[in-house]
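What follows is each chain in one-letter form.
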Amino acid sequence: MCLAVPARVVELLDNDMAVIAFDTLRKRISLAFVEDVAIGDFVLVHVGYALHKVSVEEAERTLKMMAQAGVLQKELEAISA
Amino acid sequence: MKYVDEYRDQELARTVAAAIAAEVDHGRSYHFMEFCGGHTHAIFRYGVQDLMPENVHFVHGPGCPVCVLPVSRLDDAVELAERHGVILCTYGDMMRVPDTKQRNLIRAKADGADVRMVYSTLDALRIARENPDRQVVFFAIGFETTTPPTAAALKAAEAEGLKNFSVFCNHVLTPPAISHILQSPEVRDLGIVKIDGFLGPSHVSSVIGSRPYEFFAEEFQKPIVIAGFEPLDVMQSVLMLIRQVNEGRHEVENEYIRVVTEEGNFKAQALVSEVFELRKSFAWRGLGIIPKSALRVRDAYADFDAEKRFELSVKASREAKSCECPSILRGVKKPTDCKLFATVCTPQNPIGSCMVSPEGACAAYWTYGRFREQQPSKLEPAE
Ligand code: SF4
Chain D
1 MCLAVPARVV
11 ELLDNDMAVI
21 AFDTLRKRIS
31 LAFVEDVAIG
41 DFVLVHVGYA
51 LHKVSVEEAE
61 RTLKMMAQAG
71 VLQKELEAIS
81 A
Chain W
1001 MKYVDEYRDQ
1011 ELARTVAAAI
1021 AAEVDHGRSY
1031 HFMEFCGGHT
1041 HAIFRYGVQD
1051 LMPENVHFVH
1061 GPGCPVCVLP
1071 VSRLDDAVEL
1081 AERHGVILCT
1091 YGDMMRVPDT
1101 KQRNLIRAKA
1111 DGADVRMVYS
1121 TLDALRIARE
1131 NPDRQVVFFA
1141 IGFETTTPPT
1151 AAALKAAEAE
1161 GLKNFSVFCN
1171 HVLTPPAISH
1181 ILQSPEVRDL
1191 GIVKIDGFLG
1201 PSHVSSVIGS
1211 RPYEFFAEEF
1221 QKPIVIAGFE
1231 PLDVMQSVLM
1241 LIRQVNEGRH
1251 EVENEYIRVV
1261 TEEGNFKAQA
1271 LVSEVFELRK
1281 SFAWRGLGII
1291 PKSALRVRDA
1301 YADFDAEKRF
1311 ELSVKASREA
1321 KSCECPSILR
1331 GVKKPTDCKL
1341 FATVCTPQNP
1351 IGSCMVSPEG
1361 ACAAYWTYGR
1371 FREQQPSKLE
1381 PAE
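From first to last, the protein sequence lines are chains D and W. Start counting the first sequence at 1; every next residue gets the next number (the numbering used here). Start counting the second sequence at 1001; every next residue gets the next number (the numbering used here).
Rather than coming from a laboratory, the hints here were simulated on the basis of the structure. Predicted model only: the values in this text are computed from it and were never measured. Some hints here could point you the wrong way.
Listed next, with one range per pair, are the computed distances between beta-carbon atoms [as the list claims (entries may be wrong)]:
| hint | chain 1 | residue 1 | chain 2 | residue 2 | range |
| --- | --- | --- | --- | --- | --- |
| 1 | D | A38 | W | E1054 | 46 to 56 Å |
| 2 | W | A1159 | D | D23 | 27 to 37 Å |
| 3 | W | E1054 | D | R26 | 42 to 52 Å |
| 4 | D | E60 | W | T1015 | 15 to 25 Å |
Don't be surprised by glycine CBs; every beta carbon is placed ideally from N, CA and C.
Just chain D, same shape as in the assembly (with noise of 0.2 Å):
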């Protein structure tokens, strides 16, 4: 549950809530908390709410490490449900 996801804003809409990506999954979260998302920003994810924006390179190694740690499919699963 501690865990947060990297994901890329593909879609910002109304009421400080925006659409992110996965490759292929997207899911509604909150922007309440960041300040200045732009399209195409990664932004770390913790149960439906961005905490904070992250580079490129921090989103990818974190990804990363968490399919290596085994985690990421399950987070995954979860945002999914």
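The hints should help you fit chain W with the ligand onto chain D, whose structure is shown.
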């Protein structure tokens, strides 16, 4: 999956391992407590312990919110669902935790209670909107990372005038728990648990920043290094801790600067303090009562506080006998010291919370530790 390919930083891991080996003082031992379940997992999954010199030890701390929630609070949640007939929404991690009667929320659901697993408080809000005739309670647990989303949901419910949504708040705070451990007789007087420094939590710190830890570093003269979750982060942080110990320093250092700042996330902090206030004290499973260590909903938001909206028959907690979670959470014992470990107690049939939560120390031992002998670590130490 696009991101599953060879982990490329093996070389770097060797370099860090070599630096650690070169810098440890063989005349002393180093005991570092990792507070966060995420670190426990990184340490096991990548065999980080195997890359350490023999005198560097990890002490597993209480950093799993599921593990530290007293059973009585879970009993209350079950009561909300069963006696008060609410729609109880909670994160998946809570679903399999055994209550006092060795039942869990999955079982309560099978028996007819309306329990729904959600990924986010956003889902709980949606369920409340879709069920205006039912009371919807979000069973909130977690450390500082998970608290802002609960605060945001409360604000949203208020703004929308949602009359059927409330929060059963069980959010707890990291710094008081660290302080409690450092002041415990096991650490201070008896020396049963030796702690020379802390791997500070990463995502928690992204919200509260690194500053709240400065007090401990000063007061208890222990170094703290905020560490990321990657195995390399953990190793680099251990190196930074070793240097501090060797040089007799006790500072807060931040290994995870790519995410954590000194101040943390202002927006999240502001929202949390608008909606929540400190409880005088809170009982932690395994650690006992810790003053000012948890949050409750402020009176201004009392309408959205499940503890005020529903009458709960508060009972004292009774934990499963022989389960060693209380000692494990304080670093006094290891999961393998528990008679029930891997015999009666397994992730399929968890007796205590340290086994039920994937972030718990017992679950980490089960998943990785037991097979360490047979399987070489992913990151091979340098020759
Ligand atoms: S192995 Fe099971 S019973 Fe023993 S301490 Fe861990 S969770 Fe408790």
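Outcome for the supplied range 42 to 52 Å, where the beta carbon pair is W/E1054 and D/R26: For D/R26 against W/E1054, whose Cβ atoms are near 49 Å apart, the range 42 to 52 Å holds.
Within 15 to 25 Å: is that where the Cβ-Cβ distance between D/E60 and W/T1015 falls? Hint holds: Cβ distance 21 Å, inside 15 to 25 Å.
Check your understanding: Holds or violated: 27 to 37 Å for the Cβ distance of W/A1159 and D/D23?
Key -> Holds - the Cβ-Cβ distance for W/A1159 and D/D23, about 34 Å, lies within 27 to 37 Å.
Could you tell me whether the CB distance from D/A38 to W/E1054 stays inside 46 to 56 Å? holds (50 Å)
Every hint from the earlier list agrees with this structure, and none is contradicted.
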